[in-house]
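Engineer: Listed below are the residues making up each chain.
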Amino acid sequence: MNREKIEKTLFILPTCLFLLAISIFPFIYSVYLSAFQAKLTKMHRKFFIGWENYQILLFEDDVFLTAIQNTFTIAFSSITIEIILGFIMAKIFFEIRHLKISNAIRTISILPIMLTPLCVGLVFLYILNPTLGIFSYIVETFFGLEPIAYLGQPIPAKISIICINSWQWTPFMMILLLAGLMTVPNEQYEAAKIDGANWYHVMTKIEIPSILGFMLLGIVLRLIECIRLFDIIYVTTRGGPGIATEVMAYFTYRTEFRSFQIGTGSASAVIILIISIIVTTIAVTLLRRVERDADFS
Amino acid sequence: MKKIILFLSIFILPFSSASAVNWSEELGDHSGVDLKVQSIMDPYIDAVKEISPTFTSVTGASVTVEGFGYDGLHEKQIVACSQGDSSYDVLFVDGIWIGEFVEGDCIAPVEDLWTEEGTDMSVIAWDDYISSFAGQAIWDGKKQCLPFGGYWHMLHYRTDLFEAEGLEPPKTFDDVLAAAKLFKDNPKYPELEGGYAMNMARGSAAGQQFYEWIYSAGGKPWESNYPGSPDAYADQRGLYNSAESVAFIEWMQEMINYMPPGVEQYAWDERAKAFTQGKVAMINNWSVRTPLFNDPEISKVIGKFDVALFPHAEGASSVPPVGGWIACVNKHSKNIDAAWDYLKWFASPEVHREWVLTGAPPSRHSAMNDPQINAEQPWTPVLYESSLRAWQELRPRHALTFEVIETLGIEVNKALTGEASAQEAMDAANKKIDRLLKSEGYID
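In the order they appear, the protein sequences are chains A and B.
For the first sequence, position 177 (counting from the first letter as 1) is numbered 177 according to the numbering used here, and the numbering increases by one without interruption.
For the second sequence, position 39 (counting from the first letter as 1) is numbered 39 according to the numbering used here, and the numbering increases by one without interruption.
For reference, chain B alone in the conformation it holds in the complex:
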């Protein structure tokens, strides 16, 4: 039934007089083109596959969507770019990789494409994007790609457990710690393996975790990067070993005692699975995975969870992490016109809405305020508030981002597994990251 509604709502749109965009006029004829889309294997990929045939019906171009793991996708895309590979036409890129892709001359900037073509800007509707996410697609002052899959972090907690204990959803780090302590090894809840789960695996997982929390911990990763900073990259001297950073790592060291065994190897999937399987009482998680907790095929917590704003340290305020995926045109593609048409169609407000209704994450103001989306994804009001509080420069987005996050992730993981103290680990992280940035001339 859902598919029929989706089909009717999308397929008839190009021909409907009520439709906001006349797709037949807006999009070209690309018969015979096999458009290849390279995507992350995130939960939204099925929704992309589900709606793409509509593009085929309008333009004649067939669409193949292929998914890869996070690290594998980055590796493949950069290697392919360095070889001038045209195998994929549309690249779904993590917003934080944008600097590296621009530096490598891997993408055709969308701002150039729409200027050349004289695109109807109501199709792009840039102002409809939530600014904390739209900023992910801008680099060197130019709009490089179209944002489509914005993620924000929310605190996910088990309402049944919190109600049973008479607890309010945690607001501060202290609340989180107290609740985690209460639920860990509590004989009343034998199914729980921990009170909380975080990304603690070495590398990207632990590195990103640091950036996700540091602003709400009252700190900042480098001198000029703080919410509202007019130029986050003006002074990139690291503050990874500041008092706030070290205090946050020490807090994580305490938190690890109330997490499931093996959490030192948890990354995104493990963290979400622990919550889905009812093994932990709380997690902080990207909104893209929230619908999975209501999926009857995999979830044991349907109707037993709710979301809250990302917690913050005493005296600090909540700065929810922002991330997500932007759609870019491969500069080496042989089908740039078709790829650009796919992008503007896929990221447009009306297709975005349908995509979200298929279970994907909303990224536009219009989608966040859509009554149907709010009815189907009841966490949307908290998500919207999170998105408005988020800071777009959460993680570095320059060409060294992957290396910086990986370096940081190794040191954070060392502190969490007892290989180093919090101060030692963060001193080492600061030194190594500064050296990296110096080697590329980002700092003197």
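Bound-form chain A, shown alone:
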């Protein structure tokens, strides 16, 4: 090995060691533990059971299977809402970008992203309280409807979680889409105007194709975030009522830190990781294809 190669190796060695210590080793250890029946209070008596934890989780445990289903239901619904509302908001901010106040409004509108999900969950817990919450008051006073337990009934609870999640992350999608809209050349708008295109044509033929890459990037990032969704569930519903809002991350937490079943919890964490990798790979492949198509067009 020549001197230059040794130097290069020495330069990347600390990073490799760092990655090995904080990412790769815990992951490998997690995979190792997932093959055992292990409880935190008696780790010295853990015993090897092979694939059994995976088999139970993927084929027998209806709570975990529901958690996978709920995670994707919440993810897809939230992201769809975020894209629609985010696009509308981005369009509004794009149209008023020349106004001095637009910067201030834009800053205020992204405040939800800056809040920690725990705080967001707590705030909505109070807002949605059936007897003391402002939402119940509004619904009762203005619409004459009896307040219900928004977080205590299966369907309303799921809808509430989707709304809370969307409320917090729509501004994120808005910022991405606004950045995309800013990249659309002004000439295209002028040409469309001369050709007599209406708003719908502008949106579908110019804007959406131009911002598709930004949109996909947002979807990828939000998908990863939604697969890890935990805090809001922890504060508001704890996966309930029943298992209506049980999601994968909360299931893993419960198994690891409430039941202290380290083997099952590790298996669940590994499954989440594999699902994340698959979903991200698909999304990134799509993203690259869109970018390539955009380059050719």
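It is possible that part of the hints are untrue.
Once the Cα atoms are required to be at most 25 Å apart in a straight line, the calculated PhoX-like pairs of lysine-lysine come out as [to be verified]:
#1 A:Lys46 - B:Lys438
#2 A:Lys46 - B:Lys334
#3 A:Lys46 - B:Lys76
#4 A:Lys91 - A:Lys205
#5 A:Lys42 - B:Lys76
Don't read these hints as lab results, they were simulated from the structure.
Bear in mind that the values here come from a model prediction, so they are computed numbers and not experimental data.
Got chain A; can you put chain B on it based on the hints?
Structural biologist: Quick look at chain B alone, frame taken from chain A:
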């Protein structure tokens, strides 16, 4: 004034010739030790903080009491134990966690400590503990911790409302249902949001609720567990889907119609708050929270409530739930001697009495029969009767208790929120709990 009386009654005790125990002789010198106590954030925690300086004056050890929520406390204690953490010296542990703590080798058994030390057993006064509660501190045939905060369930009801309607306090499930129905949405009582409130939140809250009621419903959770059973853990095959269990869940499904909106998310605090704020006519509640209903700072029902024995189904008898907290020495503590001294001092009959007079729950026969305690906590006679009728194996106490209760709580909550029928939910609960127990070899 109360503090002065408390100070005089406790502080001078070690030096008083009339004192039953000479604490200066019984306790060691622990000057310089900062004893850390890890506790649940239950209403008694202020009373623990209030009396602990007396221990400091006798032994020189300062005492820091830190409180946590129920689930958080369990999580912290087990994780700390698995790491051999010595941050806390004294652990207040829920009696039902005892099997898990013993299995994890987290605690130094008090029976070993008092044998090694040759402790004066009149300080421990084990026979003075009410047996249904004392049993919570025993596991593997050994006394592991000292019981101190026994709770029993009583039915709490609003005397003003019951008198106005000419009703007697409910004795049976049917009485409870009829009264709940009467008070729900009754225009005469617009401040009421429901007739009754129960713990219905998914997880521990709903799971524990099942165990609290099932014996009085005439059922039992598993084959060999019934009041008076010689060995409750001999046959743990589940009976969660027995006719009695399903009938009880169906009764709860009917009861939920007469409860406040949002009751599906009620746990201990929400249930007590609903009664304190005058929003429900009845609750079943742990006795530790009963003094709160007379607290002028938070209660709207002062002088308007009374207690009765836990209700029972027709043909069954009342088996009031028992629970509460036991004090254990952290096996990994660096101050085991000081921790043991604190335990025997704190749980002793005379300090227990003073602690109870500061607003904490009585757990000993002597405290239950104490005239001053009876005068200050007028519900004590009903509480005492409840404690004598209670069954110590109310909930499982083995190492899987938390998981079993959580699993059951999810299924019960599913039945209560309409995600499953009572039979479906309890069939699922039985299957899952049996599988759990099999995985750890509790059943074949």
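Engineer: If a hint holds in the structure, say so; if it doesn't, say that too.
Structural biologist: Tested hints:
Taking the CA atoms of lysine 46 of chain A and lysine 438 of chain B, the gap is about 15 Å. The hint holds against a cut of 25 Å. For the proposed pair lysine 46 of chain A and lysine 334 of chain B, the alpha carbon gap of about 28 Å is over 25 Å, so the pair is violated. A hinted pair counts as satisfied when its Cα atoms are at most 25 Å apart, and lysine 46 of chain A with lysine 76 of chain B qualifies at roughly 21 Å. With a C-alpha separation of about 15 Å, the suggested pairing of lysine 91 of chain A with lysine 205 of chain A holds against the 25 Å cut-off.
At roughly 16 Å between alpha-carbon atoms, lysine 42 of chain A and lysine 76 of chain B fall within 25 Å of each other, so this suggested pair holds.
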